[in-house]
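Trainee: Each chain, written out:
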Amino acid sequence: GAGVSQSPSNKVTEKGKDVELRCDPISGHTALYWYRQRLGQGLEFLIYFQGNSAPDKSGLPSDRFSAERTGESVSTLTIQRTQQEDSAVYLCASKASGSPDTQYFGPGTRLTVL
Amino acid sequence: GENVEQHPSTLSVQEGDSAVIKCTYSDSASNYFPWYKQELGKRPQLIIDIRSNVGEKKDQRIAVTLNKTAKHFSLHITETQPEDSAVYFCAARNRNSGNTPLVFGKGTRLSVIA
Numbered sequence: 102g103a104g105v106s107q108s109p110s111n112k113v114t115e116k117g118k119d120v121e122l123r124c125d126p127i128s129g130h131t132a133l134y135w136y137r138q139r140l141g142q143g144l145e146f147l148i149y150f151q152g153n154s155a156p157d158k159s160g161l162p163s164d165r166f167s168a169e170r171t172g173e174s175v176s177t178l179t180i181q182r183t184q185q186e187d188s189a190v191y192l193c194a195s196k197a198s199g200s201p202d203t204q205y206f207g208p209g210t211r212l213t214v215l
Numbered sequence: 098g099e100n101v102e103q104h105p106s107t108l109s110v111q112e113g114d115s116a117v118i119k120c121t122y123s124d125s126a127s128n129y130f131p132w133y134k135q136e137l138g139k140r141p142q143l144i145i146d147i148r149s150n151v152g153e154k155k156d157q158r159i160a161v162t163l164n165k166t167a168k169h170f171s172l173h174i175t176e177t178q179p180e181d182s183a184v185y186f187c188a189a190r191n192r193n194s195g196n197t198p199l200v201f202g203k204g205t206r207l208s209v210i211a
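Protein chains in written order, with the working numbering: chain A, 102 to 215; chain B, 98 to 211.
If you're looking for bench data, these hints aren't it; they were derived computationally from the structure. Heads up, some of the hints might be wrong.
The calculated EDC-like cross-link candidates involving lysine to aspartate or glutamate, where the alpha carbons are at most 20 Å apart (straight line), are [claimed, not checked]:
hint, chain 1, residue 1, chain 2, residue 2
1, A, Lys158, B, Glu99
2, B, Lys139, A, Asp157
3, B, Lys155, A, Asp157
4, B, Lys119, B, Glu99
5, B, Lys165, A, Asp202
6, B, Lys134, A, Glu186
7, B, Lys154, A, Asp202
8, B, Lys203, A, Asp119
9, B, Lys203, A, Asp164
10, B, Lys165, B, Glu136
11, B, Lys155, B, Asp124
12, B, Lys139, A, Glu145
13, B, Lys165, B, Asp114
Label pairs and their calculated CB-CB ranges [unchecked claim]:
hint, chain 1, residue 1, chain 2, residue 2, range
14, A, Thr203, B, His104, 21 to 27 Å
15, A, Val113, B, Ala126, 27 to 33 Å
16, A, Thr114, B, Glu180, 21 to 27 Å
17, B, Asp156, A, Gln184, 41 to 47 Å
18, A, Glu169, B, Asn100, 15 to 21 Å
19, A, Leu215, B, Gly98, 33 to 39 Å
20, A, Glu186, B, Lys154, 35 to 41 Å
21, B, Ala167, A, Ala103, 39 to 45 Å
22, B, Glu153, A, Gly160, 30 to 36 Å
23, A, Glu115, B, Glu112, 27 to 33 Å
24, B, Ser125, A, Pro162, 34 to 40 Å
25, A, Glu145, B, Ser194, 37 to 43 Å
26, A, Val113, B, Ser208, 28 to 34 Å
For clarity, every value in this text was computed on a predicted model and none was experimentally measured. Note that CB positions come from ideal geometry on N, CA and C, so glycine has one too.
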């Protein structure tokens, strides 16, 4: 079946503008994760959703970052009043519930804040 | 919370030689340890994983070893080829804590020189 998809693939914005990034997880995957990867760096956890439970927002770097997910479908990550340090690749991953352990990543959205 | 350290940050080997990447983790409750390969501009992809009930797992030229007492695990690539050049990330999580996110190391950039 289709893998995790993300849009847009690239986003260039001006400092101070808001951006929305979209993630379509693998159908049926109850867990969805957002990570940030700065250039040449590792994967930094931002937020994760598990079914209808309250999301774990412990990785969000500031209150300018928020995310939503409706049920077990699409998620959007919103960054308000973007700053240059927000420039990074934003990766989404999804995982099936229960014992399967594998997280499958999307191709990412490369965000550049000018 | 969990903390994963990964070494080395860069590694160059001659084609045909072996490569070893090492990770340590801090949370003794972690029991799932995947390795992801990320080629330039691509999404991270799972290449091998190990659970804490085994000490070693092999898949063709790739193997992972786990020492739970010392809280470290390693990736071994034998007979390296140019297409093995990529950034490799180790990660850890506790499978018994639901679908909590992976905690990643900072990555190792492997260059295989032909």
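Trainee: Going back to the hint list, which numbers does this structure go against?
Mentor: 2, 3, 6, 8, 9, 10, 11, 13, 15, 16, 18, 23, 24, 25
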